[in-house]
Structure formats: structure tokens, C-alpha cells
Amino acid sequence: MPRSRALSLILLAILVVLAATPFLFPGSQPIGTAAKICVFIVLVASYDLLLGYSGIVSFAHTMFFGIGGYGIAIALERLGPTWSSVAVGLLAALALSAVLAVAIGLLSLRVRAIFFSMITLAVASAAAVLASQLSNITGGEDGLSFQLPPALRPAFRLLSEPLFGTAVNGRLVAYYLVFFVALLVFLMLLRIVNSPFGRVLQAIRENEFRAEALGYRVVAYRTAASVISALAATVAGALMALWLRYNGPDTTLSFSIMIDILLMVVIGGMGTMYGAVIGAALFVLAQSYLQVLMEAGSTALAGVPLLPNLIHPDRWLLWLGALFVISVYAFPGGIVGRLRQARQ
498 MPRSRALSLI LLAILVVLAA TPFLFPGSQP IGTAAKICVF IVLVASYDLL
548 LGYSGIVSFA HTMFFGIGGY GIAIALERLG PTWSSVAVGL LAALALSAVL
598 AVAIGLLSLR VRAIFFSMIT LAVASAAAVL ASQLSNITGG EDGLSFQLPP
648 ALRPAFRLLS EPLFGTAVNG RLVAYYLVFF VALLVFLMLL RIVNSPFGRV
698 LQAIRENEFR AEALGYRVVA YRTAASVISA LAATVAGALM ALWLRYNGPD
748 TTLSFSIMID ILLMVVIGGM GTMYGAVIGA ALFVLAQSYL QVLMEAGSTA
798 LAGVPLLPNL IHPDRWLLWL GALFVISVYA FPGGIVGRLR QARQ
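Just so we're aligned, residue 498 is where the sequence shown starts under the numbering used here, counting upward by one.
No wet-lab data here; the hints were simulated from the structure.
Treat the hints with care, since some could be wrong.
[Stated by the list, open to error] Derived Cβ-Cβ restraints for the label pairs, each shown as a range: (1) L588 - P805: 50 to 58 Å; (2) P805 - M685: 42 to 50 Å; (3) L814 - F522: 20 to 28 Å; (4) E638 - G712: 43 to 51 Å; (5) V716 - P651: 45 to 53 Å; (6) L814 - V514: 23 to 31 Å; (7) L603 - N806: 48 to 56 Å; (8) P651 - Q699: 39 to 47 Å.
Heads up, the beta-carbon is just placed ideally off N, CA and C, and yes, glycines get one too.
With the hints as extra help, turn the sequences into a complete structure.
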């Protein structure tokens, strides 16, 4: 459980708003932002299983994200826009991710600290280069655009009449597919970290040598955690590809996405799982709307010296970085950690 009334209310509010976004906020940008939040909640939660619960610092997480996206994109582009193509692409992506996660785990988790991180960084870089070079399969730098199954296309109508003023079309069906799959995967990850398996992972994180002395096979547990995390990230990549109807190197394999994931984990709180929800929601909202808010503020302060230039929308990344520094300074244990501290 969240173990904080304020945290419970925040999580419930995020859940309700995400569930009702298509009916509360008209337009394509709000629903696109909500879908991105759902995808990143799964992606960040899966990384928190590695970093927060297992103490594994990996930079190859976006590789599994990209495998999920390319699995869906290649299958739909080559086999046609059918649900069987989606199933084939997802299963193939999950199988490849599991094999790679096991290989990385068995070969690299015996290596200590920074050396393991550098190995995963090299693997992620190789995957990004491979995706760019294999243009016959992946579309190269241009990526792959594809058609969705008919039920997920905007022209599809589930109901002939609007519901609460919103057309119930394929785009709405696609959004709720992303929402419910993301919710299901997040609840599965939450159950895993609160199981005996999750407790062993936390014990290994706190004191690896003591856990090994108690008889736990550290490499086996960490490899299992890596596989579970990779599979969840693969599902997140598949959801992103289905929502965007496109996948390319910059969409799922970019190193900047890995940096964003780290920021979301730190902002929300490592080793909490609920931090993934708050961190992803805040960060994606800031990415989507901070520039718009700054533009409105700059326009409103047009007659004031210096201030309009200071909050000019072109400087939104500077202010996003400043907000991150302030959040880390004010909440060293993340927002979830601070809310739980306040309860005590």
C-alpha cells in the first residue's frame, strides 16, 4: 500500500484523470500526453525494479523499449495490419528481449558496479547503431510507419453517436488499450516487488555478501529481475509503437530517453514503484506544457524589463533542469519518500 494518505490521493487522482482524459480534455494533445504518461509509467516502473529494488545500474533499458517498438512495427509492416501480426510481433520481441536479458545478466552481472554499467551502455549503443544500419528491416534513420488493425484506426466507429460529447472511434479504443495494458503491467510489477522474490532483491541490494552467505544465488536473482524488467520495457515499447503508428531510433532507442527515465525515477523516488507514476506524470506534463506556460507568461509580462526574456519559451529546457535540481534538493528520497516521511 502507499502508506501515506496524501500519496494515495495523488495516485488516485492520476488514475482517474488518465482514465477520463478523452472525455475531460478535448483535442489530440491531451490524449497524446496521457498515452505517453501511461507508457512511461510502465517503462520507469520496470527500470525501478532494476535500479531501486535490485541495485543494478543499467543503460541498456532503452534497447528493450526499442525491441518492443520494432517488433510491432516490423510485424505490422511486413505481415499486414491484423491482430495476429500484433501478437506475432509482440511475442517475437518478448522472446528476443528475454534472451538478451539472460545473456547480459549471466555474462555481465558478475562484473562489479561501474564496469557493468559501461557494458550495458556499449550494448545499448550497438543496438542503436544496428537499428540505424539495417535499413532493409528497420527502415534505418527514417524508421517504420505502418497501418494499425481496423479497430484502432480513427475512421473506426464503435458507437454511432458520441459519448459525453466524445466520438468513440478507433483512436479512443487505442488509448484505452494503452491505458489498461499499462495498468495491468504496473500492477504485476507492484505485486512482484511485494512478493518474497522482491524482498530477496531488496536484501541483495542492501548487502550482497550477506544475502549470498544466507544461501541466495545473487546472480540468478539479479538475472531474473533483469528479464522481468526487460519484458515490461518491451511491452511499453510495443504500446508506444501502437499509439504512434511509427517507430524509429529516436523514438525508442535514443540515449536521451534513458536520461529521461533516470530523471523520472529520481523525481518520483527510487525503490518505491509508486514513484514511477508520479515521476512519469510530472516529467511528461512538464515536457508537453512547460513551454506553452512559459510562452503565456512571457506574453503577459511583455512590458516588464528582463522577465520576458528570462522566461522565453526557447529557454524551457533550462527551467526544466532547474526544476529537477530543486526537486532533488527538496526531495532527496523522491516525492514518494518525502510524502511517506511526512506521514511519520
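Do the hints match the structure? See the list:
1. L588 - P805: 50 to 58 Å: holds (54 Å)
2. P805 - M685: 42 to 50 Å: holds (48 Å)
3. L814 - F522: 20 to 28 Å: holds (25 Å)
4. E638 - G712: 43 to 51 Å: At 50 Å between Cβs, range holds.
5. V716 - P651: 45 to 53 Å: The hint (45 to 53 Å, Cβ to Cβ) holds, given that V716 and P651 are roughly 48 Å apart.
6. L814 - V514: 23 to 31 Å: holds (26 Å)
7. L603 - N806: 48 to 56 Å: holds (55 Å)
8. P651 - Q699: 39 to 47 Å: Since the Cβ atoms of P651 and Q699 sit about 45 Å apart, the hinted range of 39 to 47 Å holds.
When each numbered hint is compared with the structure, no violation occurs for any of them.
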